[in-house]
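With the hints as your guide, set chain P onto chain S.
If you want the building blocks of each chain, they are given just below.
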Amino acid sequence: MNELRRQSPALSLLLIVVVSGAIFSGSRSTLDTSILIAIFSLMALSVGISFGQAGMMSLGQASFAAIGAYTTSILTTQAGWSPYAGLVAAVLVPPLIAYPLARLLVRLSHLALALATLFLGEIVMIVLNNGGDLTGGYLGIGGIPPISLATTPLAFHFLAWGCVVVTVVLYSNLKSSAAGRALNTLRQDPLRAQADGDDGPHRLSATFAFSAGLCGLAGWLYAHYLTYVAPESLSVSTSISVLLMVIVGGSRYVLGPVVGAALLTVLNDHLPAEVLGLLYGLALVIVLVVAPRGVMGVAAQLLGRFRPHPRRPVEDSLSDRPTHELEIAP
Amino acid sequence: MSLHVRGARVKFGGVVALDGVDLSLDPGQVLALVGPNGSGKSTLFNSVTGFVPLANGTVTVDGTDLTRLRPDQRMRRGIARTFQTPRIDEEVRVLTAVMCGDLGSAQSSLAHSLLGLPSVRRKETATRAKALDLLEAFGLRDVADRPMGELPLGKIRMVDVVRAMASDPKYLLLDEPAAGLSETEQDLLLAGIRRVASSGVGVLLVEHNFQLVKGIADRLVVLQKGEIVAEGAPDAVAADERVIEAYLGASVEDIGLDSAPAPTKDAEVLFSCEEFDVSYGKAQICHDVALTVKRGALTALLGPNGAGKSSLLAALAGIRLDHRRWDGEATLHGKRIDDLSAAARTQAGLAFVPESRGNIFPDLTVAENLELGLRRASTDERQETEALIDEIFPALEPLSGAKAGLLSGGEQQMVAIAIALASRPSVLIMDEPSQGLAPAVLKVLVDAFSKLQARGLAILLAEQNQAFAGSVALDYYVLARGRIVAHGHASELHDRREEIAAAYL
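Same order as they appear, the protein sequences are chains S and P. Using our numbering, you'd call the opening residue of the first sequence number 195 and step up by one each time. Using our numbering, you'd call the opening residue of the second sequence number -2 and step up by one each time.
Keep in mind that the hints are not guaranteed to be accurate.
[As the list claims (entries may be wrong)] Simulated DEER-style distance windows between Cβ atoms: (1) ARG119/P to LEU482/S: 57 to 67 Å; (2) LEU290/S to ARG67/P: 44 to 54 Å; (3) SER338/P to LEU470/S: 21 to 31 Å; (4) ARG499/S to ALA123/P: 34 to 44 Å; (5) ARG67/P to GLU316/S: 26 to 36 Å.
[To be verified] Listing some non-contacts, in silico: residues in chain S with all C-beta distances to chain P over 10 Å: (6) ALA216; (7) ASP226; (8) THR271; (9) ASP327; (10) PHE352; (11) VAL363; (12) LEU368; (13) GLY374; (14) GLY394; (15) PHE404; (16) LEU465; (17) VAL484.
[Unchecked claim] Residues from chain S shown here face chain P by an in silico Cβ test under 10 Å; the list is partial: (18) SER219; (19) ARG222; (20) SER223; (21) THR224; (22) TYR365; (23) ALA372; (24) ARG375; (25) ALA400.
Quick caveat, the hints were computed from the structure, so don't treat them as lab data. As the structure is a computational prediction, the values presented were derived from the model and not from experiment. Every residue gets a Cβ at the ideal spot worked out from N, C-alpha and C, and that includes glycine.
One chain only, chain S, in its complex shape:
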């Protein structure tokens, strides 16, 4: 029972994925959007864990995804690896860069890590553009083999969303464990966490490495779905969009990043490109001012209004409330 309650985000997401897969199974363009949302959701979930839970702001998540995407692309097109072997490499290479980077920087202010990941993005961009035959320069790499398990868009929809659901399961596990409490304490007050006996720098770096691995997974899905990858595909601006998705969705909630990814991707598809920048700026301002906890925060608040918290002491709010309202309350 406890187990089920803990995994309720993953279960509700699974339900939505299956139902929407059945409804949209005939529409290629809707499935395309859905798969893109799943890929962005993975990146956004990585931000949810490293930023929402642990307070580490990263502007390099798309670069980690690019590293994953190029790793699998190079290995499958040039070294003849199977996409599944490419998956292992795509997930493992980004953490190898992320762990030492975080280890060096988490002791400093959060700004230091944000700036370092921004620079990392630029460096990755330069390397990809000038990688010669290995990276294909600004043209990128084409002809990436599809994944044999998911050759149709519908199958890929389930594969990509399956990855998201598994990630949500892992995230929920993390959040309800001592490690999750440690991350929250580290975000709020590193000194406090140290007094609680936690080795903050190591824990933060490991968490950052895990989030980079998730981005690598997103990059792997991206490369093998589109069968093409270029330096501009996953750039710094993608990192910023992903961060925005997390903030709009609600960075502290497990499903916040997924909700944000869905919202912004759909808006992205239906609005002209000229107003997008304006929209992003506006969305950020509105969220920061009106709903700093994002869409999920607003939803939780609305739900809480219909379902009053049973443990909250009644006398706190009794005095200035009209009596008839109390009678209606369940």
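The following block gives chain P in isolation, referenced to the frame of chain S:
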């Protein structure tokens, strides 16, 4: 089997904060570390817990050397601590906060937690059960599901103690756990500490409040200027002349002052307060204070460090910093001023000289500093005020072009008082002007005070140094733990030294 500190020495830049201190704490023992501000209590506390590195010396627990370990490693070896200002996340529920105290023993790897392995789940269940047991034992079970931000300060401090206990420490270090607690809350806390000690945990307590410590500690260690000046059973230590001196200051003869103020007859009351409370957020610092200051008189407000003197004076001056709030009546010239802003109170004739000459701009010259105080004055008033300052502090005149920050402490104190005088006050409130000044400078201040009194100024002076206060004041109030505990004519001060010492210690 005990916690040992040997030859602890800590330097901050050129300042030696701790100079060769030895300390030992046995399981089940309550050891209190007391001493005036700046005596090195917190430094010692932090060097035991690993938050401040030792320049020399060692810290060992049950024979294991911890000197080179980080705080979290020391914590995992059985040293838990609380913070003077509880560091809390207001949104976190009490139960979760307590469970956070056991992060050290839950050093599970990230992979295990992500996968939700059975071992992690079992540990989680055990941690929760233990946290609930602890909350039950400390009488906090009913608030387990409340967010930390909803609790009063007393409960927050208790939760902080429970959080530290969640890791089953061998030694528990508490940093001023009773600061800002009501007496009921203090009793609860003391009961909690006794329970912890009786379960075999060694407790080290840093505390200002001598009274509180006497009731609970098995042994006292008194620090002054980074060295241990006394050590032993609480009653023996409280009777130690060196300890009394550390708290009250040296006697009059040592300072070399002999002037006694001329007794003032039934002069008019210029300034008074009644039923005056001061608090910061949830912590009430002063309770129900009443005092009066008469025209031409100097009234001394005595009390140990942490009694609430500075908070009271700043509140009387109307300075709202750090969420300071006050409640009660304050009257100047028969008019209520407790609702006025600090600026309006200055206009009404109240001037305030904060602690450590805090009203000086160190980068401005003496003349510029005075100019800031004088900018509202008319030409006549300006001349009059300048003449007054020249008369009272002739030493300032040749220094008018010097940067205030480069002057000696005594000269800076003169500038600080002169700035206050520039607003042409009728009541002058000063917070420890004698702090850190040489006896020769104190004489200058004493002369200045008597000249100001002769001109009809009323002075309220907060002072730790009883001897200095006794030599300048007409009457005195003793503030201890935020309440006025004694009041009388200054001439009695010398005879009541022991009695007042008891209020302090």
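Taking the hints in turn, this is what the structure says about them:
Between ARG119/P and LEU482/S the beta carbon distance is about 41 Å. The supplied range of 57 to 67 Å is therefore violated. Hint check: LEU290/S to ARG67/P, Cβ distance near 26 Å, so the stated range 44 to 54 Å is violated. The hinted window of 21 to 31 Å between SER338/P and LEU470/S is violated, with their beta carbons roughly 49 Å apart. At roughly 36 Å, the beta carbons of ARG499/S and ALA123/P sit within the given window of 34 to 44 Å.
Under the hint 26 to 36 Å, the C-beta atoms of ARG67/P and GLU316/S, about 34 Å apart, fit the expected range. Annotated as non-interface, ALA216/S keeps its C-beta farther than 10 Å from every C-beta of chain P; the closest such distance is 29 Å. Interface exclusion of ASP226/S from chain P stands, the closest Cβ pair being 30 Å apart, more than 10 Å. Its beta-carbon lying about 31 Å from the closest one in chain P, THR271/S satisfies the requirement of being farther than 10 Å from that chain.
The non-interface label for ASP327/S is consistent with chain P: the shortest C-beta to C-beta separation is roughly 37 Å, beyond 10 Å. With 10 Å as the threshold on Cβ separation, the claim that PHE352/S sits away from chain P holds: the shortest Cβ distance comes to roughly 22 Å. Chain P draws VAL363/S into its interface by the beta-carbon criterion, the shortest separation being 8 Å against a cut-off of 10 Å. Remark: the non-interface label on LEU368/S conflicts with the geometry, its nearest Cβ contact in chain P lying 5 Å away (cut-off 10 Å).
The claim that GLY374/S is not at the interface with chain P is violated, since a C-beta of that chain comes within 10 Å of its own (minimum 7 Å). GLY394/S, annotated as away from the interface, has a beta carbon of chain P within 10 Å; the closest lies near 7 Å. Separation of PHE404/S from chain P is inadequate, the least Cβ-Cβ distance of about 6 Å not exceeding the 10 Å criterion. Against chain P, the non-interface label of LEU465/S holds: every CB pair exceeds 10 Å, the least being about 35 Å.
For VAL484/S, the condition that its CB be more than 10 Å from all CB atoms of chain P holds, with the nearest at approximately 19 Å. Interface restraint check for SER219/S: the shortest CB-CB distance to chain P comes to about 32 Å, outside 10 Å, so the restraint is violated. Because the beta carbon of ARG222/S sits about 35 Å from the nearest beta carbon in chain P, more than 10 Å, this interface hint is broken. Checking SER223/S against chain P by beta carbon gives a least distance of about 35 Å; that is not within 10 Å, so the hint is violated.
At a threshold of 10 Å, the smallest CB-CB gap from THR224/S to chain P is about 32 Å, leaving the interface hint violated. Among the interface hints, the one on TYR365/S holds; its C-beta lies about 8 Å from the nearest C-beta in chain P, closer than the 10 Å criterion. About 3 Å separates the beta-carbon of ALA372/S from the nearest beta-carbon of chain P, less than 10 Å, and the hint is met. Satisfaction of the interface hint for ARG375/S is found here, the shortest Cβ-Cβ separation to chain P being roughly 5 Å, below the 10 Å cut-off.
With a least beta-carbon distance of about 5 Å to chain P, the hint placing ALA400/S at the interface is held under the 10 Å criterion.
Hints 1, 2, 3, 11, 12, 13, 14, 15, 18, 19, 20, 21 from the list above are not met by this structure, while the remaining hints are.
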